[in-house]
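Protein chains: 2
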Amino acid sequence: MNAYEDGLLRTPANHQPMTPISFLERAARVHPDHPAIIHGTFRCSYRQMWDDCRRLASALDGQGIGRGDTVAVMLSNTPPMILAHYGVPMANGAVLLSLNTRLDPAMLAFQLDHAQVGLVIVDREFSAVMAEALAMTHNRPIVVDFDDPEYPDDAPVPKGAGIGTLDFAEFLASGDPEFAYALPQDEWDAITLNYTSGTTGNPKGVVYHHRGAALMCLSNTIHAQMGRHPVYLWTLPMFHCNGWCYPWTLSVQAGTHVCLRWVRAGAIYQAIADHGVTHLCGAPIVMSTLLSCPADQKRALPHRVNFNTAAAPPPEPVLLAMAQEGFDVTHVYGLTETYGPSVVNDWNSDWDSRSASEQAALKARQGVSYLSLSDLAVLDPETMQPVPADGTTLGEVMMRGNIVMKGYLKNPQATEQAFAGGWFHSGDLGVIHPDGYVQLKDRSKDIIISGGENISSIEVEEALYRHPSVALCAVVAMPDPKWGERPCAFVELRAGQPGDEAALIAHCRDLLAGYKLPARIVFQELPKTSTGKIQKFMLRQRAALIAQGQ
Amino acid sequence: MNAYEDGLLRTPANHQPMTPISFLERAARVHPDHPAIIHGTFRCSYRQMWDDCRRLASALDGQGIGRGDTVAVMLSNTPPMILAHYGVPMANGAVLLSLNTRLDPAMLAFQLDHAQVGLVIVDREFSAVMAEALAMTHNRPIVVDFDDPEYPDDAPVPKGAGIGTLDFAEFLASGDPEFAYALPQDEWDAITLNYTSGTTGNPKGVVYHHRGAALMCLSNTIHAQMGRHPVYLWTLPMFHCNGWCYPWTLSVQAGTHVCLRWVRAGAIYQAIADHGVTHLCGAPIVMSTLLSCPADQKRALPHRVNFNTAAAPPPEPVLLAMAQEGFDVTHVYGLTETYGPSVVNDWNSDWDSRSASEQAALKARQGVSYLSLSDLAVLDPETMQPVPADGTTLGEVMMRGNIVMKGYLKNPQATEQAFAGGWFHSGDLGVIHPDGYVQLKDRSKDIIISGGENISSIEVEEALYRHPSVALCAVVAMPDPKWGERPCAFVELRAGQPGDEAALIAHCRDLLAGYKLPARIVFQELPKTSTGKIQKFMLRQRAALIAQGQ
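Chains as they are written, first to last, in the UniProt record's numbering: chain A, 1 to 550; chain B, 1 to 550.
Here chain A stands alone, though its shape is the one from the complex:
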């Protein structure tokens, strides 16, 4: 033992579990009067937010929620969703599960059961689907209704009936703001649970820990160039990788959350102009929405706005149009398993002098590791050796570091596979360029990304296979100007069966959430390899031609 290890131990004075909760504690102490949340006519200061988080933790404690219990939320980007990111772990160390609000009842029921959810908070926009889901669960969580006072009377989606035994506002008010809230016992403690869309079989429950969440807060702040008091508009769903950890990140610089129930171009421009929004994130669909905004709904931007986008590389015309509109677009990449973005297209000022198309090509690359990711590499998954940095040799994108998940809940086999060889296997294929920037070449081949949501082609195929006329099928991504991608199905029919596109889509509608339905169904023989494997890459090319009307 050397002298530097002799007796110099971790003690409470020099070692404390990292947690994003401490950033909110600090923001409330330093900037108590600064606006923390804006939602319609609702305003909340950091003092109030901190009190409310402690009230929520206290109210959950009152319902018997304890360490390692799961609290689910089925909420839009509204104030309770932000509070839940702090209040749930502060309730004796419970874990937050943010349900994807677009899921069908069966999938919701699976997640509620798998995570053994003890209490669920449901926005009345989703009470009907949640009621169906709860009817299917074995588990019986306590249900709390959130009746949003800001819900517009003339909303495109009418508000459903209450289905719970408790009302969120009363529930919150019942909590004690002086509650002795929990900080993690260990920074490795779980903070949230996020289910992947699941390419095969059931979705996997990705567990985040406090350490990773806290490091994401610091890294996001630096990568997104957030100065003092950023104003952040919630165009990215908070149920998606915990909104890339921004519900916690904003506390670092005491920023203001601007809530948004529905992503509509006019509302985005209005929020930016009214509240001086500095940052927002979203899938390419959000950029399309902005760019197709009718002129009479547009508002002048108060300053240049930082837009972080992921899911698909932004194409040149979109980048140019966004720049012209006043948005500085940064391309990031990550997975549910990496807390959202763990790779960033860090801009090199040497590239400023390149042509617009060269710049777009450079920006289309996924990029380099986030500050808190130790390693990003493209490896041959057989040998675990790096592929040459030549921009052409394909390998699997792998990561390791402190913003990789704790593992999959109750799924040791999947966890072991994901971490085989000491790296997290992204399942995405890519190349590494001579300058060290990584570029994806094939999203893990079965996934379709529509409006920022992952759709498993296998899930759609399974639905199709349930129809008696389907002999063989394959679903691939078809480019879509609005959604980025939509599923396109190729089907071989059983002998003598008619090909009825409308009937097959109607059949799928009974089995799948609306956004997962095939945009097109094409009846043809499927191209196969000599060993009988369907050649999806050929179908992808065909789908692209169909999308172009050819």
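Keep in mind the hints are simulated off the structure, nothing from the lab. The structure presented is a predicted model; accordingly, all values stated were derived computationally and were not measured.
Reference listing, derived: stretches of chain A covered by chain B, where coverage requires no fewer than 3 residues with Cβ under 8 Å from a Cβ of chain B: (1) 1-9; (2) 224-236; (3) 366-372; (4) 400-412; (5) 420-430.
Derived contacts from chain A toward chain B, CB cut-off under 8 Å, selection only: (6) 15; (7) 16; (8) 29; (9) 33; (10) 221; (11) 346.
Every residue gets a Cβ at the ideal spot worked out from N, C-alpha and C, and that includes glycine.
Let chain A serve as the given structure and place chain B on it in line with the hints.
Relative to chain A, chain B alone:
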């Protein structure tokens, strides 16, 4: 055990030791051609810097430096000093000791022996004192001379002779840039050693770990509002708390280090203008230096410059003058034991509308915890209970969190005392204001006890600073036969101002209770440490002699 703990273990894929070395790795990969270091006519890119750090690690390895060995440097703010911050720990996990270049031979010898230094790199500015020190050590380190090619021929301090067996340039060139450098095995591994100035007895060796250093990098970047590619001027000695961790911090945003051997006003203005400096740090003496710069040596600043200052609260006239010169001053506070600044006077925008004197009073407070410090409190050291947040009740300032040292090297008793009760005891006395901001009132040993009443030396100093003729002052206890102690003030006058003891005491009478008035005011230059801190213990000795009529 709950499901979130079942089998979800730390693995190399999801848990890596945090270390600032990874920030340099990343900067060199992402911005290889960006300027990393400027020193006179010397330029070095991030690619070159990364190669040189690996060369240094390799060369140290070649000299048998291993894990837990100490490598000392006696260097100015020059390129080898920056390289050493990375290259030493990269050498099999060795530990860097930066020697205070203003120490006397006996103190240097003590530190070289206590830390069992295996190799020391010495700038030829300091070869004479180091030769004396080495003659006194029991330990016989390998000595490497650094002969700075940028050392001016007409330097005020002539360069000494070489005293080593190796030359730094050759030593570095002998290293292999492909060396298999070390990352820490554990983030709790030591990275550096810094001796406190030690007002009584032998200095204590403060051990920093990789975890704390890495967190300081992220926190410094955010608190100092460092955007992409900051340009940092080295007016703070890097031997002082590892330059508040800025040698590592700059790598986070791939910033440029601008070296400076001697802190001279003209050179500072020139560097800012020539290189577009965005940030610098320093003791109040650096602000005085800047403000007293002759007009013909001044250069126009290219933009507003961020100046972080510590050690003493910046007085109102200095803040106003600095703002007029184009510097945004942030007041930070910390100790060697907290990696430099762990407390920051985070500015509240509500204060913008206050008067200049109110703003100065608010800025004179030390402030709130750094992002990576879990807790900052003012506690009664007897009961360990918080004092009321009333801005008047005195207690001891205490900290806990991840930017508190690992402990004191080979000094378990001092470590235990420092961490008693689960908090780091700063030894500084202060109050906490109703808004949670902490303000120092005194070092515990600097309190003057007169007739049983505590007198804060800082309060008396603040009164003196309000007089226009006072440039710098320090108040200490003077033995008094009747009262036990009384304040004795030492004052440096502004150029051309007369020293009028009676007038100054009359001025204080308007601001202070009678028992707090200085018994004597002595006009003289104040003794300062190498980092610009006033050496009150010397003044205390002087005051004792004065009291004896000597």
